[in-house]
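Chains P and V: place on chain C using the hints.
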Amino acid sequence: MSFEKKMEELGMKIPVPGKPAAAYEPGVLVDNMIYVSGQLPMVDGSLQFPGVVGETVTEEQAYQGARICAINALGVVKSMIGSLDRVERIVKVEGFVNSVQEAGYQPKCINGASDVLVEIFGEAGKHARFAIGTSGLPLGSSVEVGMIVKVK
Amino acid sequence: MSFEKKMEELGMKIPVPGKPAAAYEPGVLVDNMIYVSGQLPMVDGSLQFPGVVGETVTEEQAYQGARICAINALGVVKSMIGSLDRVERIVKVEGFVNSVQEAGYQPKCINGASDVLVEIFGEAGKHARFAIGTSGLPLGSSVEVGMIVKVK
Amino acid sequence: MSFEKKMEELGMKIPVPGKPAAAYEPGVLVDNMIYVSGQLPMVDGSLQFPGVVGETVTEEQAYQGARICAINALGVVKSMIGSLDRVERIVKVEGFVNSVQEAGYQPKCINGASDVLVEIFGEAGKHARFAIGTSGLPLGSSVEVGMIVKVK
Numbered sequence: 032m033s034f035e036k037k038m039e040e041l042g043m044k045i046p047v048p049g050k051p052a053a054a055y056e057p058g059v060l061v062d063n064m065i066y067v068s069g070q071l072p073m074v075d076g077s078l079q080f081p082g083v084v085g086e087t088v089t090e091e092q093a094y095q096g097a098r099i100c101a102i103n104a105l106g107v108v109k110s111m112i113g114s115l116d117r118v119e120r121i122v123k124v125e126g127f128v129n130s131v132q133e134a135g136y137q138p139k140c141i142n143g144a145s146d147v148l149v150e151i152f153g154e155a156g157k158h159a160r161f162a163i164g165t166s167g168l169p170l171g172s173s174v175e176v177g178m179i180v181k182v183k
Numbered sequence: 032m033s034f035e036k037k038m039e040e041l042g043m044k045i046p047v048p049g050k051p052a053a054a055y056e057p058g059v060l061v062d063n064m065i066y067v068s069g070q071l072p073m074v075d076g077s078l079q080f081p082g083v084v085g086e087t088v089t090e091e092q093a094y095q096g097a098r099i100c101a102i103n104a105l106g107v108v109k110s111m112i113g114s115l116d117r118v119e120r121i122v123k124v125e126g127f128v129n130s131v132q133e134a135g136y137q138p139k140c141i142n143g144a145s146d147v148l149v150e151i152f153g154e155a156g157k158h159a160r161f162a163i164g165t166s167g168l169p170l171g172s173s174v175e176v177g178m179i180v181k182v183k
Numbered sequence: 032m033s034f035e036k037k038m039e040e041l042g043m044k045i046p047v048p049g050k051p052a053a054a055y056e057p058g059v060l061v062d063n064m065i066y067v068s069g070q071l072p073m074v075d076g077s078l079q080f081p082g083v084v085g086e087t088v089t090e091e092q093a094y095q096g097a098r099i100c101a102i103n104a105l106g107v108v109k110s111m112i113g114s115l116d117r118v119e120r121i122v123k124v125e126g127f128v129n130s131v132q133e134a135g136y137q138p139k140c141i142n143g144a145s146d147v148l149v150e151i152f153g154e155a156g157k158h159a160r161f162a163i164g165t166s167g168l169p170l171g172s173s174v175e176v177g178m179i180v181k182v183k
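Chains as they are written, first to last, in our numbering: chain C, 32 to 183; chain P, 32 to 183; chain V, 32 to 183.
In short, the hints are calculated from the structure, not lab data. No experiment lies behind these values; they were computed from the predicted model shown. Glycine included, each C-beta is placed from N, C-alpha and C at the ideal position. Treat the hints loosely; a few may be bogus.
[To be verified] No farther apart than 25 Å at their CA atoms in a straight line, the calculated lysine to any residue pairs in the SDA-like style are these: (1) Lys50(C) - Glu154(V); (2) Lys181(V) - Ile112(C); (3) Lys157(C) - Met64(P); (4) Lys139(C) - Gly171(C); (5) Lys181(C) - Glu119(P); (6) Lys157(C) - Arg117(P); (7) Lys157(V) - Pro51(C); (8) Lys181(C) - Lys157(V); (9) Lys157(C) - Lys181(P); (10) Lys50(P) - Glu150(C); (11) Lys183(C) - Asn63(P); (12) Lys157(C) - Lys50(P).
[Said to hold, decoys possible] To give an idea of the chain V side of the interface with chain P (calculated C-beta under 7 Å), a few residues: (13) Ala53; (14) Tyr55; (15) Gly58; (16) Tyr66; (17) Ser166; (18) Pro169.
[What the hints assert, rightly or not] Some residues of chain C that are not near chain V, with every Cβ distance over 10 Å (derived): (19) Ser33; (20) Asp75; (21) Glu91; (22) Gly113; (23) Ser114; (24) Glu125; (25) Gln132; (26) Gly135; (27) Lys139; (28) Val149; (29) Ala155.
For reference, chain C alone in the conformation it holds in the complex (with noise of 0.2 Å):
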């Protein structure tokens, strides 16, 4: 079944990725891997759950805010290779939640990103990652998502 059919049905919208504001790329494109920068849970260029988790920000709120860092990273794929449906395997996605020390939450913040991949690519989308917490992200966002995708 084709990936970007899949997103459709699941009234996913595809974003088209900014231009990093630095001397960096979106993504680069390997031997048909894709490293994806690490991506902050913008909509329409607003940043959304800034903050730290476990202060201002909730498990939740950085659950949804990893959800979308994700289908960002899907829009930079789709932006360097034309259509996630030549998305082959997602292979890790590397988990950053801004979080208090004491807290051993950042699984379930990063779930946001796992589950959407795995909504929308189903087997193909199960990768390995690491959630871990991290002392302040860029703009003070509550959560940042990098990826490797492996392209056909």
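This is chains P and V only, laid out in the frame that chain C set:
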């Protein structure tokens, strides 16, 4: 020499990995590279040395924890390719230490992972790595280790 | 154009990497990809700008530190393949900033690494990256940069 025999000689058991609690995989194999998800120092389902290094956890405990993480990562590799004797090279170790901000002891903790890999694999175990401090880790773990492994 | 010549023109010296103090390598080469270990802003064995960004270290200092990290990473690459002219593409930059939690300035700091790579390699230097805040870095460094480089 057989890496599996070497582990036996060293008195190390290769654990059978638990199932991840969410929509991701313990590891993904593409193009003869295994991307192993971030591993915690779990022994028989019980998290060892939880807490923050520099507060409730010592450097030596985190070192031991990192050894366990690395062995658990090898458990993932074995479960995916049948035998550790198919390991060609440990390519990279991603080392995360839940630590107070002033501290610079992340390398000493992650040496636990590096040491155990070289004990088992010798030259093939010598890897690139990063070692960083995190603000929180899954389940309140003091240490987490991800890995990239080339197999044949 | 020769990347090594370009560095000369820019007045940059390619450092000879020190030996890691533990059982890992400065870099690992597999399948024409070099995974460079996390580099610190060391100059002649002395750590530049140690501390926490937002407390004892300024954004501008961390930017300079990240430039040094990137140049040190290139020293590792050269030591492994003889000449930077064999670089095909800087694939990915892993940027770590030891920063206070409220801060969102990680990108500005890591731009130091991104800028120097594009100054030297032009289009071939444009990479994917993540930039995150950490709670502690090796030796109390304010910044650390890892890298993945495609070579020919």
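Hey, does Lys139(C) actually stay past 10 Å from chain V on C-beta? holds, 19 Å
Interface hint check: Tyr66(V), Cβ to nearest Cβ on chain P, cutoff 7 Å. Holds or violated? holds, 4 Å
Would the hint linking Lys50(P) and Glu150(C) be met if the CA-CA limit is 25 Å? Holds, because 19 Å separates the two Cα atoms, which is no more than 25 Å.
Would the stated hint for Pro169(V) survive a check requiring a Cβ distance to chain P of less than 7 Å? With a minimum Cβ separation of about 5 Å from chain P (threshold 7 Å), the hint on Pro169(V) holds.
Can you confirm whether the C-alpha distance between Lys139(C) and Gly171(C) stays at or below 25 Å? Distance ~20 Å between Lys139(C) and Gly171(C) Cα, so the pair holds.
Val149(C) remote from chain V - nearest C-beta pair above 10 Å: With a cut-off of 10 Å, Val149(C) remains clear of chain V, as the shortest Cβ separation is near 22 Å.
Quickly compare the C-alpha distance for Lys50(C) and Glu154(V) to 25 Å and report which way the hint goes. Holds, at about 16 Å.
A closest beta-carbon separation below 7 Å is what the hint needs, so does Tyr55(V) meet it against chain P? holds, 5 Å
Run the distance test for Lys157(C) versus Met64(P): straight-line Cα separation, threshold 25 Å. Satisfied, since the Cα-Cα distance of roughly 16 Å is no more than 25 Å.
For the pair supplied as a hint, Lys157(V) and Pro51(C), confirm whether the alpha-carbon distance does not exceed 25 Å. Distance of about 11 Å is within 25 Å: holds.
Beyond 10 Å from chain V, beta-carbon-wise, is Ser114(C)? Check passes; 20 Å lies beyond 10 Å.
Double-check Gly58(V) for me: the hint is only fine if its C-beta lies closer than 7 Å to a C-beta in chain P. Since the shortest Cβ distance to chain P is 5 Å, the answer is holds.
The structure shown violates the earlier hints numbered 24 and 25.
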